[in-house]
Structure formats: structure tokens, C-alpha cells
Amino acid sequence: MARAPAPRDRGAMSETPPPPSPEPAGDEAPTTQAPISPRRLLRSRDDRVLGGVCGGLARYFNVDPLIIRIAAVALIFLGGVSVIAYVAALLLVPEDDGTGRPVDGKPGRVATIVGAVVIVLAGVALLDGRWGFGFGWAFGALAPTVLIVTILAIAGQRLLANRGEDQPPAARIAGAALLLSGIVLGVLVLAAGGAVATAAGGGAAIAAAVIVLGLLMVGLSFKDHRARWLALPALALAIPAGVVTAAGIDVDHGIGSRHYAPATLADVRGGYELGVGELKVDLRGTRWPREATLDLKVDVGTGHALILVPEDVCVQAQTHAGLGYVNLLGEEDGGADVDEQRGTVGRTSARRLNLVADMGIGAIEVRHNDPNGGHWGPQDHGPDAIAASLADAGCAGERA
Amino acid sequence: MSRPDLATLISGLAIAALGTVLLLDQAGELSLDFGSLAPLVLCVIGLVLLVGGLAKRDGA
Numbered sequence: 001m002a003r004a005p006a007p008r009d010r011g012a013m014s015e016t017p018p019p020p021s022p023e024p025a026g027d028e029a030p031t032t033q034a035p036i037s038p039r040r041l042l043r044s045r046d047d048r049v050l051g052g053v054c055g056g057l058a059r060y061f062n063v064d065p066l067i068i069r070i071a072a073v074a075l076i077f078l079g080g081v082s083v084i085a086y087v088a089a090l091l092l093v094p095e096d097d098g099t100g101r102p103v104d105g106k107p108g109r110v111a112t113i114v115g116a117v118v119i120v121l122a123g124v125a126l127l128d129g130r131w132g133f134g135f136g137w138a139f140g141a142l143a144p145t146v147l148i149v150t151i152l153a154i155a156g157q158r159l160l161a162n163r164g165e166d167q168p169p170a171a172r173i174a175g176a177a178l179l180l181s182g183i184v185l186g187v188l189v190l191a192a193g194g195a196v197a198t199a200a201g202g203g204a205a206i207a208a209a210v211i212v213l214g215l216l217m218v219g220l221s222f223k224d225h226r227a228r229w230l231a232l233p234a235l236a237l238a239i240p241a242g243v244v245t246a247a248g249i250d251v252d253h254g255i256g257s258r259h260y261a262p263a264t265l266a267d268v269r270g271g272y273e274l275g276v277g278e279l280k281v282d283l284r285g286t287r288w289p290r291e292a293t294l295d296l297k298v299d300v301g302t303g304h305a306l307i308l309v310p311e312d313v314c315v316q317a318q319t320h321a322g323l324g325y326v327n328l329l330g331e332e333d334g335g336a337d338v339d340e341q342r343g344t345v346g347r348t349s350a351r352r353l354n355l356v357a358d359m360g361i362g363a364i365e366v367r368h369n370d371p372n373g374g375h376w377g378p379q380d381h382g383p384d385a386i387a388a389s390l391a392d393a394g395c396a397g398e399r400a
Numbered sequence: 001m002s003r004p005d006l007a008t009l010i011s012g013l014a015i016a017a018l019g020t021v022l023l024l025d026q027a028g029e030l031s032l033d034f035g036s037l038a039p040l041v042l043c044v045i046g047l048v049l050l051v052g053g054l055a056k057r058d059g060a
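The listed protein sequences correspond, in order, to chains A and B.
Per this note's numbering, the very first residue in the first sequence carries number 1; after that it's consecutive.
Per this note's numbering, the very first residue in the second sequence carries number 1; after that it's consecutive.
Here chain B stands alone, though its shape is the one from the complex (with noise of 0.2 Å):
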């Protein structure tokens, strides 16, 4: 099996995890509001482009 492309992948379960919040909210077992919501996506975003960033840096 090859190896995964890192970038690829994390950011890939960063916006699977930000699916699952926004799933989870609908489903009544969340109550997202603008103080939880805003970490977050700056958490996924920022991940997006770190991992982004370090596999363009490593030449990926």
C-alpha cells in the first residue's frame, strides 16, 4: 500500500470532523454558537494550511 499524501489526509479528517459538529448540531446534541464555531473553523482552516504549507516546504 502507498503512503498517504499527510496534507491530503489530515486536512481531509479536519473537514470530516467540522462535517461531524455541523451533523451533530442538527441533530440536536450540539448547540454551536458564534464562541464555539469561530475556533473551530479557524482551528481547521489554519490545520488546512499548515499541513498545506509543510508539504509544499518538503517539496510533496
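If we strip away everything but chain A, and leave its shape as in the complex, we get (with noise of 0.2 Å):
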């Protein structure tokens, strides 16, 4: 074994004080002293979630990751501007070798170009406001796949770096990021095949699937801990059908668009269903005597429901959207399991509206006017303007 040279035999460096930076000893001491480097921003190898890039900018900045995560999250929903700033750091920053100093290797210049072109078509995109679809399908789909694949690769190298192979060949990274979009697509499939076959009356079979799958990590969890990834295609089931099974989505009343315009309140419905999609039921032409009341029921399982009414009816409704709003008649409430009680009484002799509409993830609308049919703006369908409309025609006052 040679033997390690001994501290004279350094050369005159030896002699003199070490320089202030954290130098490591070695045989390849400088012969001068270095300058004070100033300090780095490097990607934390001790203290990361997914590349270090938190840990990093909290180390640079001397504050709790935490904090710097909690703001990555949160700023993913402003424009997912984190998103691509994270991606972006993953390819330009370098990694720290725990010492304090970037690893060897020179992942520079070609991370540096990639690093570009995801920031520039990503900005593309993010400027475009719709993700870059709005610029037609060759470049709008470019972007997010490039987006994609750029993660995808990222986290290839990842995974074999957490294998040992710190510097994996392009054919390796290729694979890894292959196998993990294999994974990530039949996750995608799963999800997409539970929602379907909930939503198809199948929300037993899917249930029944997630149990068994539950009890056979448990059954295997004395033999094999490899068991646990069980729990991903568990989920990737579960949670949709508990999206769909809360939502009340049901394939079974159709799927498309329709339009029902009833002639007289004798040719209207006793109820309106539609699985998916958008349901429009229009009464701005239905003939429709003084003092009338009419009682309709509308259920969708999730797209749009719109309900357009003549100006001088009063609407009574109650409605209940799982997830997204409702609009009645300008004033509008959204979020998760919104119920919604209100409406005006009119005088006696007013025509009435009594609506009982179900969305399961969508939008409850109850309008004068379609807003697709060109005559729908938001000043003249604003509530001041709404309840002006409403109180001449003897609506205005008493709220259901």
C-alpha cells in the first residue's frame, strides 16, 4: 500500500496557515493561497424531498427549508412558476458534495442548454395562459412535452443515482425514464379505469378490488416489504371512485350535450339527467301562463347545467353542486359540497320557477340570458341589474 506523503513533502504550503475557505487536505494542495470563493448556491444532498433545491436555497439563505417549501407549494399555484423554477434549479444548479463544494463530473454545459430551452418553452407556455394550446396543436403540444419528458428524465437519473450509479449513461437515464413512464401510465389507466367503472354502477367491484389489494399488503407484509408498492395501484383505484361516489356521477343518464326548449310547461320534464356533459334547458320560449308554478328537476353528473328563464319569472331554487358553483341568477358560490337555498317570492300573481338541480363536479347556472348565444355580458347580467329586472316584474323582496 503506498504510503501517504508526509506533511514536508507538501512544499512550502505546508509552512503557512491554511487559507480560510474550507480547502480539504491532499496532495494537490495549492501553491498559493486561494482567494476567499464566494458563497454558492448548491442543491443539498442531506437535506432534500426531490433534488435538494429547497434545502439548498434555505442553506444559502439561512432559513428553514421548510419555509422555502411551504412557498414552492404555494407559488405552484400561481402559474406553477415554482414548477419550472425547480426544474430549471435541477439542471443549473450544481449539486452539493457535502463538503460544501459542487461534485465533480460536468453535467454544465448540456444541462445548461437543456436547462434553457425548458425555461424558454415553459415561460412560452406559462405566458400563454392556457399552457401553450392556444398556439395550435404542433407547438401547444410541444411544451408540456418537453416539460414532461425533461421531468421524466430528471427523475430517471434520480433513481438510478439512488441505486449507485451517480454517473448512468444516456441509455440508462432513457430506460429508467421509460420504466417510470410506464408506471406513471398505468397509474393513469387505473385511475381513469376506476372513475369509468364507478361511474358505470361498478363502485362495488372497484371497492371490493381496493379491500382485497389492502388485506393482500397486509397478508404480505410478513414476507416481503416490497409488498407495499401495492398501495399505489390501491389508490390510483380508490381515490377516483371516491371522487366519482362523492361527486354522483352516473354514466347511465348520457353522455353529450343537451337541449330541451319545451313549447308549453305541459311539454316539460318531471326530470332532467345527464351523466357528463352539458344540459341546457331553455324556458325563455315556453309558454307560460300568469300565476303558474313550475317544478323542475335537474341532475347532472358533471359538466354544466344551465337553466334560462324569462325575466318576469320568480326562481325558488335549491341546488347542490360536489364541487364547483353555482349561479343563480348573477349571485354565485363555489368550492366543495355547495348548497344552495334561495331565490326570490313573488307576488301572487307572478309565474314561479321551483328548481331542484344536483351537479356532481360542475356548474349549477340559472340565467335570463345563454351566454353563448352572444347577448351575455357581465354588466347586464350583474345581480344589481338581475335584481332590478326581478323587482319589476314583482319578484324582488322576500328571499326563499
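Some clues are possibly wrong.
[Claimed, not checked] Covered by chain A, according to a simulated footprint, are these stretches of chain B (three or more residues, beta-carbon under 8 Å):
#	segment
1	7-16
2	23-30
3	39-52
[Stated by the list, open to error] If you want the ones that stay clear, here's a sample from chain A, every Cβ over 12 Å from chain B, calculated:
#	residue
4	D64
5	A241
6	E291
Please keep in mind that the hints were generated in silico from the structure rather than gathered at the bench.
Just so it is clear, CB atoms sit at the ideal spot from N, CA and C, and this is done for glycine as well.
Reassemble the complex: the two chains are provided individually, in unrelated frames, and hints are given to aid placement.
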């Protein structure tokens, strides 16, 4: 075994005081004192959730990493800027080697070019406001695709690094990215299948499959700890099935766009149902005698329910939206499990609509004019304008 | 009998519980809405991540 050189063999530097920067001792110590290097932004190796970007930023600014992570998550909802910044940092910011220095190796030039391209494409996509889909199919599909491929490549590289391959060749990274793509695709297919099967009435079978997977994990926990990965398909089935169940979506009621315009009150059905799509019930041309009251029921699983009523009809509505919003003549409320019971009670001579509407995921709207008909605008369909027209019709005053 | 892998065991129990809730809803014994589904799903996912992370930290 080669003997390590004695300190006096290292030259004059062994006699001088050590430089202020944390230079590791070694055979190739500089013969002149190195300038104090400025503090560098590095991705943390020991404080990381994904790529160590937040941990590195926290160390750089000397703050709690949790604050950086919370801010990064919050910024996702402001146009996704933190996602772009994170991907850029993964590509451009070198990794800490554990001693406060960047790791050796030259990911530099290629990573810089790729990072710049990703940033430009993602920036254009974000500036468009619709993730690039407004620039036509070719370019619109390109930007998100490049972003997804880049993220998959980075994830593949991380996967290999976790397995001890620090400098994997491009083919290995591509293989790992392909494997991850397959897993993601499989999860998406399972999720879509679980949702569709539940909406088609197979919710009990999906629930049973989830229970079986859970019990399988319990049984296999005594033999093979890798069985914990069964959680992935189980949750991929269970969560969409739960969302469909909570929303009350039922595709047996049909899919597509339905438009009804009954000529008389006798033509109005007792209830209108739709599984997925847009349901429009236009009562503006319906012959509606004075003092007559119409009871209307609308049930849509996912999509849009639009009820168009004449301006002189008093509306009382009892509505529920699992996830979405309810707009009753300009007064809007949205969120999860939105229950609305409001409207106006008119004079005895007024025409009335009693509406009971249920929406799983989407919107319920009661309007005087069709937003797609070219006559609608926020100014003429605001709550004040509607209240005025309702007052003219004798509807304003009492709230239901 | 060998000791079970706690992460897999607890995750499996949590997922089986979630499936049971879904089944009870299908049977009409429960009425699941978003207000109850969201915390339930978050609890299960959180539990799975927590026990997985603890197992990884302990070297399991």
C-alpha cells in the first residue's frame, strides 16, 4: 500500500496557515493561497425531498427549509412558476458534494442548454396562460411534452443515483425514464378505469378490489416488504372512485350535450338527467300562464347545467354541487359541497319556477340569457341588473 | 412467525379501511361527499407516506 506523503513533502504550503475557505487537505493543495470564494448556491445532498433545491436555498439564505418548501408549493398555484424554477434549478444548480463544494463531473454545458430550452419553452407556455395549447396543436403539445420528458429524465437519473449509479449513461437514463413513464401511464389507466367503472355502476367491485389489495398488503407484510408498492395501484383505484362516488356521477344517464326548449308547461318533463356533458333547459320561449308554478328537477353528474328563464319569472332554487359552483341569476357560490337554497318570492300573480338541481362536478347556472348566445355580458347580467328586472316583475323582496 | 413489515401492514390496513368506506357507500350505509372524502383520503395518503418514511429512516 502506498504511504501517504508526509506534510513536509507537500511544499511550502504546509508551512503557511490554512486558507479561510474549507479546502480539504490533499496531495494537490495549491501552492498559493486561494482567494476566498463567494458563497455558492448548491443543491443540498443531505436535506432533500426531491432534488435538494429547497434545502440548498434554505442553506444559502440561512432559513428553515420548511419555509422554502411551503413557499414553493404555494407558488405552484400561481401559474406553476415554482415548478419551472425547480426544474431549472435541478438542471443548472450543481449538487453539494457534502463539504460545501459542487460535485465533480461536467453536467454543465448540456444541462445548461437543456435548462435554458426548458425555461424558454415553459415560459412561453405559461405566458400564453393556457400551457401553450393556444398556439396550435404542434407547438401547443410540444411545450408540455418537453417539460414532461425532462422531468421524467431527471426522475430517471435520480432513480439510478439512488441505486448507486452516480454517472449513468444516457441510455440507462432513457430506460429508467421509460420505466417511470410506464408506471405513470399504468397508474393513470387504473385511475381512469376506476373512475369510469364506478360511474358505470361498478363502484362496489372497485371498492372490493381496493379492500383485497389492502388485505393482500397486510398478508404479504409478513413476507416481503416490497408489497408496500401495492399501495400505488390501490390508491389509484380508490381515489378516483371516491371522487366519482362523492360527486354522484352516473354515466347511465348519458354523455354529451342536451338542449331542451319545451313549448308549453305540459311539455316540461318531471326531471332532466345527464351523466357527463352540458344540459340546457331553455324556458324563455315556453308558454307560461300567469300565476302558474313550474316544478323542475335537474340532475347532472359532471359538466354544466344551464337553465334559462324569462326575466319576469320568480325563481326559487334548491341546488347542490359536489365540486364546482352555483350561479343563481348572478349570485354565485362555489367550492366543495355547495348547497344553495335561495331565490325570490313574488306576488301571487307572478309566474314562478321551483328548481331542484344537483350537480356532481361542474356548474349549475340559472340565467336570463345564454352566455353562448352572444347577448350575455357581465354588465347586463350582474346581480344588480337582475335584481332590478326581478323587482319590475314583482319578484324582489322576500328571500326564500 | 416472522415480524411483519410495519409500513406495509399499516398501509394495507389503511387502504382496506378506505375500501370499506367506499363499499359501505355503495351499499347505501354511508353517504360520502367531498367534505368527508377529502380528509379521509388525505389521512390514508399521509399515513402511507408517514409509515413509509419512518420505515426508510429505520432502514427497513
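Here is what the structure says about each hint:
1. Only residues whose C-beta sits within less than 8 Å of a C-beta in chain A count toward coverage, and the segment 7-16 of chain B has 9 of them, enough to reach three; the restraint holds.
2. Residue count for the segment 23-30 of chain B with a Cβ under 8 Å from a Cβ of chain A: 4. That meets the three needed, and the coverage hint holds.
3. Coverage of the segment 39-52 of chain B by chain A holds [criterion: at least 3 residues with CB-CB distance below 8 Å; count 6].
4. The beta carbon of A:D64 sits about 19 Å from the closest Cβ of chain B, which is more than 12 Å, so the claim that it is off the interface holds.
5. A:A241, annotated as away from the interface, has a beta carbon of chain B within 12 Å; the closest lies near 6 Å.
6. Its beta-carbon lying about 38 Å from the closest one in chain B, A:E291 satisfies the requirement of being farther than 12 Å from that chain.
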